[in-house]
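Engineer: Protein sequence lines, in the order shown, are assigned to chains F and L. Sequential numbering of the first sequence, starting at 0, is according to numbering that gives the first Met the number 0. Sequential numbering of the second sequence, starting at 0, is according to numbering that gives the first Met the number 0.
Accuracy of the hints is not assured; some may be wrong.
The calculated BS3-like cross-link candidates involving lysine-lysine, where the alpha carbons are at most 25 Å apart (straight line), are [what the hints assert, rightly or not]:
no., chain 1, residue 1, chain 2, residue 2
1, L, Lys120, F, Lys7
2, F, Lys374, F, Lys438
3, L, Lys120, F, Lys374
Computed list of chain F residues with no C-beta within reach of chain L, every gap over 10 Å [what the hints assert, rightly or not]:
no., residue
4, Asp16
5, Met168
6, Leu381
Covered stretches of chain F, going by a simulated chain L footprint (3 or more residues, C-beta under 8 Å) [stated by the list, open to error]:
no., region
7, 0 to 12
8, 279 to 293
9, 372 to 378
Keep in mind that the hints were calculated from the coordinates and are not lab data. Beta carbons are placed, not taken as given, at the ideal position from N, Cα and C, and that holds for glycine.
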Amino acid sequence: MNWSLIVKTAIKDSRKDRSKLFLFMSSIILGVAALVAINSFNDNLVRDIENQSKSLLGADMTVGGNRPLSESIISALDSLSTERTSEVELFSMSYLPSVEQSQFVRIKGLTGNFPYYGRLITEPAEAADTYKSTSAALVDDGMMLQYGLEVGDSIKLGEEMFPITGRLMNAFGSVDAGASFAPSVYIGGQNIDATNLIQPGSLVNYKEYVKVDGGQDLDEWEDVRRQKFRNESQRVTTVEDQRENLQEAFSNLNNFLNIVALISLLLACIGVASSVLIYVKTKVQSIAILRCLGMKAEEAFMVYFLQIISLGTLSVIIGVILGSVIQVILPIVLKSFLPYEVNMSVSPVAMIKGFVMGVLITSLFALGPLLSIRKVTPLRTLRVSDDVQESDPLQWSIYGLIFLTITGFLYTLTGNVLEALIFSLGILIAFLILYGVAKSVTWAVRRFFPSSASFVVRQGLSNLYRPNNQTLTLIVSIGLGTGILTLLFILQGLILNNVEGMGVGNQPNMIVFGIEADQKQEIEELTESFDMPVIQNVPVVTMELAEWKGKTKKEWLSDSTRTSRRWAINREARVSYQKEIPPDDILIEGTYTGTHDGGDSIMISLDERYSRGLDVGLGDELVWNVQGAMIKTYVGSIRKINFRKMESRFFILFPTGVLEDAPQFLILVTKSPEKQTTADFRNAVVRKMPNASVIDLGSILVTLNDIITKVSYVIKFMAGFSILIGLIVLISSLFLSKYQRIRESVLLRTLGAVERKIYWINAVEYASLGILSALTGILLAVIGSFLMAKFVFELDFNLSWWPIIGIFIFIVALTVFIGLWNSRDVVKRSPLEILRNV
Amino acid sequence: MILESKSIYKKYKGVNKELTVLDDINFTVEKGQIVSIVGPSGSGKTTLLGLCAGLDNPTSGSISLAGSMISSLTENEKAEVRNRKVGFIFQNFQLLPTLTALENVMIPLELQGRAKGAKDKAEQLLERVGLGGRSHHYPSQLSGGEQQRVSLARAFSNDPEILFADEPTGNLDEETGAIVEGLLFDLNKEKQTTLIIVTHDLELANKTDRIIKLKGGRIISDQTIKASTEI
């Protein structure tokens, strides 16, 4: 091969076609920029949300138990941590002298700079900074409202009186609110002794909040010391554990971002393929001449391959830079509109990924059309004829490689081969449907041609099937583009509804805990008297897992080969019994037994994650210790719990007819409209049922709502960004199509067609293409989004038709507008040019 | 003998029946001969030219071109033969629109790997066809006659043994056609090349050594006008 000639010809040939190549480059630049920006956003915002989940814990890790930490654990923590805060937590009655009332409270004595993540929100704000160094107390806002307390009042804890310097507006700790029964009071750790509340037999929890350097693998660190912590009865909670709770709730965000990344990649592919296809078509004559002059087929191929690949690589590099710049600059530009501060940094991983994917897809998608160069016969110099389309095995290999690349890319996103394959097949089917529609249209227009229609209509419609028509290219590219944009639009709406549905406004925010079984009716009546709904009122029995799969808990714990997870083994079993599974749970295996009929086999239902953690399946035997009584049960069904609901969720469900006589209490979940009602309801409950505790989830929901705001923002921004890129790629493809019709239109002009006629002919052609492709694309998007909503996001599918009709009108109008814009260019050109055969 | 066509058939599959475009074509062309192929539209002239020049394959029969059995060569081997031994002139010029006049003329030499000296030779040829001052112009900046003159310069740039011209003056006015025609014959004489011209123009045909008449895909006459100049 004559490489120097190939390179020279490639450079020379590109000179006069830079405007066409610019559109090709712009597709790649924008597609890759979108990919890099989205991946970077993904990295940055997921990290941001991870930080937010850290702020629920306030630290990277906590270690605690009901006795002070031993010297050896302290030194182990010192070797790991960069900072540490000690907390002594105890439960005691407090006295409120201003109202002469007592209240059972949770006292937290803190030393150190806790919280390391997030912020302790107080009113006034400065109280959060000063309470540890003074003898002051911060008191739960709900409790202050309940008793009408003001900042400046006092609270007596044990033997010491503390001035209240601030209202505590949020709380740190688990979103699993069952952990906290009593309102919190924060004081400086050095003041705990002064209360004299720590006495032999007092219920005291000691906890260390630990901040570690980035890059430390906490799980590994914890694994190594697991036995040590276990021996000293210390419980370790890491951000990872915390994130597990949030993960379920926010898994849709990750799925959505993956889909947006895939979409931007597909958009780039459409842009590359359609622009190269049209570019190669415009080059056929030049290729025929080169072939006629003696250039070998593979040399002619290499000329254009080199041209496309070098410009493609350059575009990919520009795209990577642009994508990185966009994701850094845009949040700065939009700063005043953003609901929170975003810390964006360039993600090298996203850049490398974008570069590799960009070069790969540019090569593969350009190779498809480029390979046809090999088949351009030199005979075309003598006679312009349609090339016979022969089946090209190499072309099919490229299609195969494209399929594999998309599947591979999907695999990197989902981590699941089957899911990746299903998605790729879905895209392939969408492509084939569009291909089929395009082929049917050309056939149908020819078969049922309206011979009696006006010249303009006949001319416009015949453009759909005439040689050199663009029906297939445009229906596939506009159809896929419209389909992708509509899909994104529908999914964004569904996910936003769902995510925002998790916000404070829609979640239950109060739990009444510890209600006696015989108080069931009374508490329901009381709740309803406050105009609050009884969202849940279920019995709870606490028990301990004693034995499973033939071995006792002790035997399992000392078994080094066990596959059960520690958190599942040690989890305190809070069990409920119900006739039916909760409406939001999904039964994934077995059948739920609602009532035990008195036989030997008690069939229980386990949560999927819990059964995985314990490594038990259907039919396995589990023995429970219920206040000394052993109950043998079998796994009868496995459920998937809906973690998005802020309600009590039970990993273990018994049938009715087993636990009715066991010691138990009730949990009532309700929603209070505002703080004063919360305080009044709490007073009423405490008055009527001193045994019950009211937990106000409002403070925890403040933090949760913050996360939801961010998630909503990410979804809106990503979708908006991707829609914009998609439109630009779509517009590029349409603009490129003008080269197809330029010769015909100029000839018509030469023959005397007036401007208006040329505009109308093109309008008929582009309107037909726009209507058909938009309709097919939208139909595919509706089917695709239904399937994704059902199987990926597990959301209820509902469609609002008006925006979709809007998309349809917009795409058709855009197609016609660009078609006419292209005609404008033709109308402006001198007919003389066609005579010069250029 | 530089070109020999033996029992050439060219058939195309139509919708309902097979279409025979060339039907048992047999002829030979001696080195240095100037031959014109004439006939009405659809008689198979251009198809025959394409087959003889190795641009297409016959359905059956064999063609020997400049010592190579071109009908049995691979595509790449045919490209090699075209590049080293054949020159082309087309009715619609077929210049590469993205290359300047000079670059268009240089292309056959560069394809041969003779980049060194290609520019000088191309400049000389452009000078010879009277376009010395237009060498950096693109085809779109040249008139039809000028484009055909560039095409002439390109056809001779690789010193071909045989030159195929498809209606070389068909797209030009009489005056420009005459200039191009004159240049074609002059250059041919200078370079001592075999020339095969497909034309409708009987006046042009009468200036050649031999006229092969085609009708309905068959040779209906093969008439020698004047003795060829043997080299």
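Engineer: All hints, please: hold or fail.
Structural biologist: Status of each hint after checking the structure:
1. Lys120/L <-> Lys7/F: Distance of about 18 Å is within 25 Å: holds.
2. Lys374/F <-> Lys438/F: 22 Å, holds
3. Lys120/L <-> Lys374/F: 32 Å, violated
4. Asp16: 6 Å, violated
5. Met168: 70 Å, holds
6. Leu381: 5 Å, violated
7. 0 to 12: holds (count 7)
8. 279 to 293: holds (count 9)
9. 372 to 378: Contact hint for the region 372 to 378 of chain F vs chain L: holds, 3 residues under 8 Å.
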